[in-house]
Amino acid sequence: MGLLCCVCPWLLLALALRGAGAWQCPRIPYSSTRNFSIPYTLPSLDAGSPIQNVAVFTDSDGPVAVFVAVRNRILLLSPELRLLSVLVTGPVDSAKCQICRLCPATTDGPEDTDNVLLLLDPLEPWLYSCGTAQHGLCYQHQLEVQDGKVAITATHCLYSAAGNSPEFCPDCAVSPLGTSATVVATSYASFFYLGSTINSSVAARYSPQSVSVRRLKGTLDGFSNDFHWLTVLKQYRNNYTIHYVHSFADGDHVYFLTVQPERPGSTAYHTRLARLSTHERDLRRYRELVLDCRFESKRRRRRRSEEDAERDIAYNVLQAAHAARPGARLARDLGINDTDTVLFGAFAESRPESRVPRDNSAVCAFPLRLLNQAMEEGMEKCCGTGQQPLLRGLSFFQPLEYCPHNVNLSAPVVNTSCWNKPTLIPSASHKVDLFNGQLTGVLLTSLFVTSMEDITVAHLGTAEGRIFQMVLQRSSSYLLTLSNFSLGEPGPVRGAMGGLQSHSLFFTAGTKVWLLNVTGPGCRHFSACQLCLKARRFMGCGWCGNECRRRHECSGPWVQDSCPPVLTNFHPRSAPLRGRTRVTLCGMTFRSYLDPDPRHSPPGAYRVAVGRRGCTVLPKESESYRPLPTSRRKEFVDVLVCELEPGGPAAVGGPAEVVLTVEEPARPSGFRVYGSATLGGFVFVEPHVSALHPPFGPRGGGTHLSLHGRHLSAGSSWRVMVNGSECALTGQPRQDNGTIRCTAPAAGGLGAARVALWIDGEEFPAPEPFQYRPDPAVSAIVPSCSYEGLLLTVIGTHLDSVYRAKIRFEAGAVITQAAECEALLAPERLLCHSPAFPFESNVEVVLGNLSVLLDGTEGRWLFRLRYYSRPKIYHFEQAGRRLHLKPGDDKIEVQQLGLDAVATCLNITMTVGGRNCHPNVLKNEVTCRLPRELRLPPDGAPVEICMNGACEAVGWVLSPRTSLDLAASLALGTSITFMACCILAAVLFHWRWRKRRGTENLELLAQPGRSDPPVTIQCPGVDYREVLVLNTAGTPGPVGPRARVTSAGANGSAGAGAGAAGGGSPMPLLRATSCCLEDLRPELLEEVKDILIPEERLVTHRHQVIGKGHFGSVYHGTYTDPLLGDLHCAVKSLHRE
1 MGLLCCVCPW LLLALALRGA GAWQCPRIPY SSTRNFSIPY TLPSLDAGSP IQNVAVFTDS
61 DGPVAVFVAV RNRILLLSPE LRLLSVLVTG PVDSAKCQIC RLCPATTDGP EDTDNVLLLL
121 DPLEPWLYSC GTAQHGLCYQ HQLEVQDGKV AITATHCLYS AAGNSPEFCP DCAVSPLGTS
181 ATVVATSYAS FFYLGSTINS SVAARYSPQS VSVRRLKGTL DGFSNDFHWL TVLKQYRNNY
241 TIHYVHSFAD GDHVYFLTVQ PERPGSTAYH TRLARLSTHE RDLRRYRELV LDCRFESKRR
301 RRRRSEEDAE RDIAYNVLQA AHAARPGARL ARDLGINDTD TVLFGAFAES RPESRVPRDN
361 SAVCAFPLRL LNQAMEEGME KCCGTGQQPL LRGLSFFQPL EYCPHNVNLS APVVNTSCWN
421 KPTLIPSASH KVDLFNGQLT GVLLTSLFVT SMEDITVAHL GTAEGRIFQM VLQRSSSYLL
481 TLSNFSLGEP GPVRGAMGGL QSHSLFFTAG TKVWLLNVTG PGCRHFSACQ LCLKARRFMG
541 CGWCGNECRR RHECSGPWVQ DSCPPVLTNF HPRSAPLRGR TRVTLCGMTF RSYLDPDPRH
601 SPPGAYRVAV GRRGCTVLPK ESESYRPLPT SRRKEFVDVL VCELEPGGPA AVGGPAEVVL
661 TVEEPARPSG FRVYGSATLG GFVFVEPHVS ALHPPFGPRG GGTHLSLHGR HLSAGSSWRV
721 MVNGSECALT GQPRQDNGTI RCTAPAAGGL GAARVALWID GEEFPAPEPF QYRPDPAVSA
781 IVPSCSYEGL LLTVIGTHLD SVYRAKIRFE AGAVITQAAE CEALLAPERL LCHSPAFPFE
841 SNVEVVLGNL SVLLDGTEGR WLFRLRYYSR PKIYHFEQAG RRLHLKPGDD KIEVQQLGLD
901 AVATCLNITM TVGGRNCHPN VLKNEVTCRL PRELRLPPDG APVEICMNGA CEAVGWVLSP
961 RTSLDLAASL ALGTSITFMA CCILAAVLFH WRWRKRRGTE NLELLAQPGR SDPPVTIQCP
1021 GVDYREVLVL NTAGTPGPVG PRARVTSAGA NGSAGAGAGA AGGGSPMPLL RATSCCLEDL
1081 RPELLEEVKD ILIPEERLVT HRHQVIGKGH FGSVYHGTYT DPLLGDLHCA VKSLHRE
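Using UniProt numbering, count along the sequence shown one by one with no gaps and you end on 1137.
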């Protein structure tokens, strides 16, 4: 049950993403067979303060006591983590600190003690503790085992007042910035190998030195003052910091692991291994070697996509290390003996120009024998004969020096002085991540390695408070995880210590310490029986009910030799009652061996039942998807195919269960598959075809048929037959979909054809036949050009034989989506909208082929035509898209883009109020004039532009504005003009009256027989500039009938003018040239035709004089407008009377 809870959500997601192709069993991820969120409870103890160090005191039978160091205290615990006693180590000068009084060193007041070192003597039952108080002094605690319990019997302060000073302090062993140490015991003394992090402030008083070897005095009052050291030079102490991570002893050497800058002044960090000899104390044979742990992508492997591309990663900063002997398998992979010591390091990739680690870790293995060999070979390059100059390095410890290259190694007496200087080996030791770059997102903080059976197990702590127990193997493409659990503390895991005899491990995180057996915390994280029973034997796992447990945790049957199969899915989910449906079973543990071919299984090992019907297993069709361990894919599935047997009990519809029974015989390996698995959800149904669509199609075939009904997707195989010919399916039917689709085959004749659906060998006829009609043909496409959305007319014969027609345009490498046509106009005509074509610019044209697709006969009818960008017609820019014409204006202009390009092949019309105004298509606009017979209604008339009958509204056109504002403005202007004219006329009349009195007397003298004043007349047929001054008694001369026009202003007033005759003289003072219309140039008339008023529309009331002046007279008049009717106006005559 637990496994199904983990697997089923993943299977549902896989089924949701599955397409309509052939069904396949969903893959089961390996991660679903293990549940690493299972909580485990481990023995633990809370120290109350952050734990600083842990030391395990052991004897031949195993751990006897555990020492846990925190600030100012050392806790003595039993192996089961029960508190036995507490040793107070601070604060100094506190009454509670009894051992602080043993040291005569002076202090400046109460000072807390951080226990930097907690070490056990390798030979004697002694515990050493070194703290930051009192300048880094150490204590020796003598241990005694009584009745299986450990007690501290005596404590000595390793300090003497004599021989120590701020400038030279042999007893100041540790640094407050951090110290790593290893104690090496001989038959006569114990030696402390110390590596301390220092800076200028630490070095100024009681400097502990960087690397030193100190001999413990036999008097137990400090260290001998004749020790040797290496320390960072004064100029580098604040900018070149060496962090000592780990130290250990092996054979004749002591090793330190450090993280430090690559060179003085560099901000890039790397990891080094420093080696000191236990046979000399003066550090002359001090060696350093760079450790290079990296992940290299396998470029020769064919990658599936660019997203899978991997980068080479250098894990340059060490986080934890442990030296141990490997298991036989790993030793064989590394090319060493299983008795060789291997340095295992947990490395991390650092942030740029920093030693701060990223969450990206690796574990590399360095055989010590090969590291020592690399150091010896490096020294031979430095001291032997050679041409290339080599630096000794370590410029932060010693002055710059080159290798001498002057040693003759074949001389009878070899000068070995070159070997007696500290040297950095120039070549790095390069190793590859054992986890193959798969710990991305994880920061390892602790490491302990053990070998069990023939494998090597790494016990890893992380920065998130988790413990990994993983098998180490070289170049593995997958992680073989034995356990992965949380300690329940969010902090990083530190201090992995072990008691090898009893296989106990002690981990610390925060203020707690935990006890863990190397066999792991338990087996409950294995969710699958097969994985549980195939776990390592030392883990002691077995199957208990439906869980993996250890024997003492199981209250029922506990099995270690067999597992039942697991069903996770099957297909199909339904089947017809009497068909031979093939059922595909999916799951795991269908077989106990790696061979995925079920044909190799023993006869009778598998039995499948679906409800009350048997299902015969088909070995040839069954297969398993189980990738090899080296595969990058982390998923698998077991597959079994069976066919329902037609015989048996009477067919009954309804739900049924699928039961798989596997009974493998007993095997020498001790593991077999034995048992049954049941999974519900199968249904027996009765399919029924209720409709066939479409009911007709061409004789040549290609019609896409759809059969509708109930339960048509049931079963595993489908065939559609039309008059005995197979109708090819267009795809696998989807589950719970009552539609089967196929492509009709060609027929030998016309008429009805029988249609039947076969499901798993059972026939289900359609209710009506399919009608074959004559094959269609296409002869033409009109118009000969097109654009997106244009309605094209397909012309041909028997177009009604096709239920669905489409068109598609192709130009160059671009093929448009097929656009479905509209209903038939007639058997010979079909309307289709042109599909969209991706043009790069707004105005563009391409030449291509238009295909007419009739029921699958693609590319049968091709027509060459030009495809244009869709023309753009802009609406009227006025508010509400309503255009008001100016008085006397009948021209309409519409802006457009691209319409002129298609005007040559399309019928372009423009209508105003539904009447064609015969437009003129120009480059960027369309113009037309209002029809003469059209009278615009008060609300205006709609304007539309049509392209091959497809019309687009532009807006509304309205008559000139006649609002109250215009009338008021006209009346006000007329009144002001009238008053001004009256005033001016009065002044001029008075002036002229006085002047004309003398003139009239002269005229009377000149013409004594004349009694009446001369009268100026203007005939209707004479130009206003031809004026005759006649005598009242005389007869006017003949005047030819000539058409006359007057100009009209915007305000509705008209002005008429003529040549002026002076005063009352009987002869004109000025005779103007005739300007009748017949005498004017035609091009001039064309330019002013819009502002001329025909004479018949203007009536001048000359008997109603408004005013007279120097430049003529103003009369009342009537103007007849075609739209507004009669308008009262003022007419000005530009001649004097």
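These are computed hints drawn from the structure, not numbers from a lab. Warning: the hint list may mix true and false statements.
[As the list claims (entries may be wrong)] The calculated SDA-like cross-link candidates involving lysine to any residue, where the alpha carbons are at most 20 Å apart (straight line), are:
hint, residue 1, residue 2
1, 96, 48
2, 806, 828
3, 421, 438
4, 872, 843
5, 421, 231
6, 891, 849
7, 421, 452
8, 886, 960
9, 149, 85
10, 217, 160
11, 886, 545
12, 534, 452
13, 534, 421
14, 806, 774
15, 891, 1123
16, 534, 545
17, 421, 228
18, 891, 1091
19, 149, 279
20, 217, 96
21, 421, 279
22, 217, 189
23, 149, 123
24, 886, 694
25, 806, 694
26, 872, 924
27, 891, 956
Here is how each hint holds up against the structure:
Straight-line distance between C-alpha atoms of residue 96 and residue 48 comes to about 18 Å, which keeps the hinted pair within the 20 Å bound. Of the pairs offered as hints, the one joining residue 806 and residue 828 holds, with about 16 Å between alpha carbons and a cut-off of 20 Å not exceeded. For the hint pairing residue 421 with residue 438, the CA-to-CA distance comes to about 41 Å; that exceeds 20 Å, so the pair is violated. About 10 Å separates the Cα atoms of residue 872 and residue 843, which keeps this hinted pair within 20 Å; it holds.
At most 20 Å may separate the alpha-carbon atoms for a hinted pair to count; residue 421 and residue 231 meet this at roughly 14 Å. Annotation: proposed proximity of residue 891 to residue 849 is violated, straight-line Cα distance about 41 Å (limit 20 Å). Using a Cα cut-off of 20 Å, the hinted pair residue 421 and residue 452 is violated, with the two alpha carbons roughly 41 Å apart. Proposed proximity of residue 886 and residue 960 is supported: the alpha carbons are some 5 Å apart, at most 20 Å.
Distance restraint check for residue 149 and residue 85: the Cα-Cα separation of roughly 11 Å lies within the 20 Å cut-off, and the hinted pair is therefore satisfied. For a cut-off of 20 Å, the pair hint linking residue 217 to residue 160 stands: about 11 Å separates their Cα positions. The hinted pair formed by residue 886 and residue 545 fails the criterion: a straight-line CA distance of about 98 Å is larger than 20 Å. The straight-line distance between the Cα atoms of residue 534 and residue 452 is roughly 16 Å, inside the 20 Å bound, and the hint therefore holds.
Restraint check for residue 534 and residue 421: not satisfied, since their Cα atoms lie roughly 55 Å apart, outside the 20 Å limit. Straight-line distance between C-alpha atoms of residue 806 and residue 774 comes to about 18 Å, which keeps the hinted pair within the 20 Å bound. For the hint pairing residue 891 with residue 1123, the CA-to-CA distance comes to about 15 Å; that is within 20 Å, so the pair holds. Note on residue 534 and residue 545: the hinted pairing holds, with a Cα-Cα distance of about 17 Å set against a maximum of 20 Å.
Distance restraint check for residue 421 and residue 228: the Cα-Cα separation of roughly 13 Å lies within the 20 Å cut-off, and the hinted pair is therefore satisfied. At roughly 14 Å between alpha-carbon atoms, residue 891 and residue 1091 fall within 20 Å of each other, so this suggested pair holds. This hinted pair does not check out: residue 149 and residue 279 have alpha carbons roughly 36 Å apart, beyond 20 Å. Pair hint residue 217 plus residue 96 does not hold up; C-alpha atoms about 28 Å apart against a cutoff of 20 Å.
Proximity of residue 421 to residue 279 is assessed by CA-CA distance (about 15 Å); at most 20 Å being required, the pair is judged to hold. With a C-alpha separation of about 8 Å, the suggested pair residue 217 and residue 189 falls inside the 20 Å cut-off, and the hint holds. Pair hint residue 149 plus residue 123 holds up; C-alpha atoms about 19 Å apart against a cutoff of 20 Å. Between residue 886 and residue 694, the direct Cα distance comes to roughly 60 Å. Violation of the 20 Å bound is thereby established for this hinted pair.
Between the alpha carbons of residue 806 and residue 694 the distance comes to roughly 16 Å, so the proposed pair stays at or under 20 Å and holds. With a C-alpha separation of about 10 Å, the suggested pair residue 872 and residue 924 falls inside the 20 Å cut-off, and the hint holds. A C-alpha spacing of about 13 Å is found between residue 891 and residue 956, which places the hinted pair at or below 20 Å, so the restraint holds.
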